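Residue numbers (my numbering), protein chains in the order written: chain C, 1 to 328; chain U, 1 to 310.
Source of the hints: derived by calculation from the structure; they are not laboratory data. Remember, it's a predicted structure, so these values are computed and weren't measured experimentally. No residue lacks a Cβ here, since even glycine has one placed at the ideal position from N, Cα and C. Mixed in with the good hints, there may be bad ones.
[Said to hold, decoys possible] Residues on chain U that point at chain C, a partial pick, calculated with CB under 10 Å:
| # | residue |
| --- | --- |
| 1 | Thr62 |
| 2 | Arg67 |
| 3 | Thr208 |
| 4 | Gly228 |
| 5 | Phe232 |
| 6 | Ile233 |
| 7 | Ala234 |
| 8 | Thr238 |
| 9 | Arg270 |
| 10 | Pro271 |
Residue strings, one per chain:
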Amino acid sequence: MKSLKIAAVVAGVFATAAVHAQALIKIDGSSTVFPVTEAVAEDFQKAKKGSVRVTVGISGTGGGFKKFCRGETDISDASRPILKKEMEDCAKAGIKYIELPVAFDALTVVVNPKNTFISQLTVAELKKMWEPAAQGKILKWKDVNPAWPDAPLKLFGPGADSGTFDYFTEAINGKSKSSRGDFTASEDDNVLVQGVSRDNNALGFFGFAYYDENKGKLKAVQIVNPKGKAVTPSIDAVMAGEYEPLARPIFIYVSAKSMDRPEIKEFVEFYLKNGAKLAKEVKYVPLGAADYKHALDNFSKKKTGTGFGGEAEVGVKVADLLKRNPKE
Amino acid sequence: MNAADPSTIRAVRAIIARAKRWDMFFAMLGILSLMVGVLTFSVLFLDMAIQGVPRLDLEFFTSFPSRRAANAGILSAWVGTVLVMLVTALAAVPLGVAAGVYLEEYAPKNWITDIIEINISNLAGIPSIVYGLLALGLFVYYFGFGQSILSAGLTLALLILPVIIVATREAIRAIPQSIHEGSYACGATTWQTVRDHILPYSSAGILTGVIIGMARAIGETAPIITIGALTFIAFLPTAPFSGEPPAGLFDWIFAPFTVMPIQMFNWTSRPEAAFTVNAAAAGFVLVFMTLAMNGLAIYVRYRLRKNIKW
């Protein structure tokens, strides 16, 4: 065992020497945020002509925070705010962080294009389909609404490990991860697209980008927002704050310690300045220009902590969130 | 009954005809069973090739991943795969061959050896993700190798170690006992026997085992993801003695990396259909790499076998 430790020390010396030879920014976390961060990383490296190296992993939001709170990464991609447990882990390791919203993802509810009787859905109707009590009971469309046909209701959704599932269940069923279990679940959204496009009686949900790419095969359902207006998911509707409650902000968390390194500071500034353009390019919904500016301001003032205080929350306006006094 | 009786002849012919029908039937069944595997693979491979091959050009091999499907390439992925395989081979071959030789030639026949043997066969059946978790704790954190090519190479080396050990033992057992006995009769020690006879004669079989193991390792994704291979990486490990300040000979083994299966996995989960084409192209390259390795194994075995004259 002693020789193992010596080997470890020697290897550690080697490793640090090698890794710090060149500026390296380590990012990990949510696969939902990945396309945006990847686009930023790609352009940033081009702009710096290769003098800074950026790596992006997809361990998932939870996995990303685990690494982040051990001090292994500089920036963590997150499709939901940091949770209490993760805040504690970070605090224990002395890791402080700045929470920055970077874009929106609009969860899109879709049905088969041959489905003629659905054009809009209320949250109550969605809840009736998806709540835990629906399991084994709500099996036909007419069970949800007697006006709908006597045809089997086939549900498709992301698996329980995804942030998309967490947010949808929180927004619709009122509690994160609380859902019926008898639906076709897949971590691969393309499987859900296939499923809904092949079954006339199907209904599913996933991120807007997947709907946008497959518009010909799917029909997006309008969601009745809290003001009673049925809204079609679109970039404009989300930016106007009308597509509620299924639009969610996505975040990056920047380690305060890493912020002292000039390349990290430059990268985050680059992210927030080019975020709108790049988010649109990868089919995500950008924040308003004022929000990016506000986020940049919070960043330069080093406002550490989370505006959510470790609680999941639906329908927060990004502008309000950025004004909050963050907790650590 | 007369042997020439036409009815008897007819009866015998009928029996023969029936037996032949069964023979045919079984042959057909065998061919069918064979085709299930072969055809499934062919269809999958063809489908992938039709989709992916038009995408293959020099740029695909020399570009980094990108958010634009048309510009994205597999440079960091194939370089990562090749380097990880190199580390895997350097670690697994000496260990595996030495272990195999020990078990065949030196190990006393007792219960400890039996337990070791049972464990080696067991190791071959352990799901690869378990190796990933072990490696995460041991290589990444305890030894502090980090999420590097070294960690990945060593993890895959552990994974294929049982394959190499078993192949080595099989190859040694295929050597006639008379070679052993002749060597010992001339007064050679075990080591001299191993060095001058056992290893040269078994090298063809060992090499086949090594390459089959490597072909398994090249497609592994789960353990590599566990130890933290990355998805987006747009630079290569520093080549020895390049850069400023100059990198050492082995600096690259601590570099962050990605490998082909991870690049494919990421592309298949993207919404844009153009990325699926990229994934198919990358898949074609990966299958081709595996086939090339297997082809090499067959060729080398053929060459080495020809040189063996008992």
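Please flag the earlier hints that this structure goes against, numbers listed from lowest up. Hint check: 1 and 3 fail, others pass.
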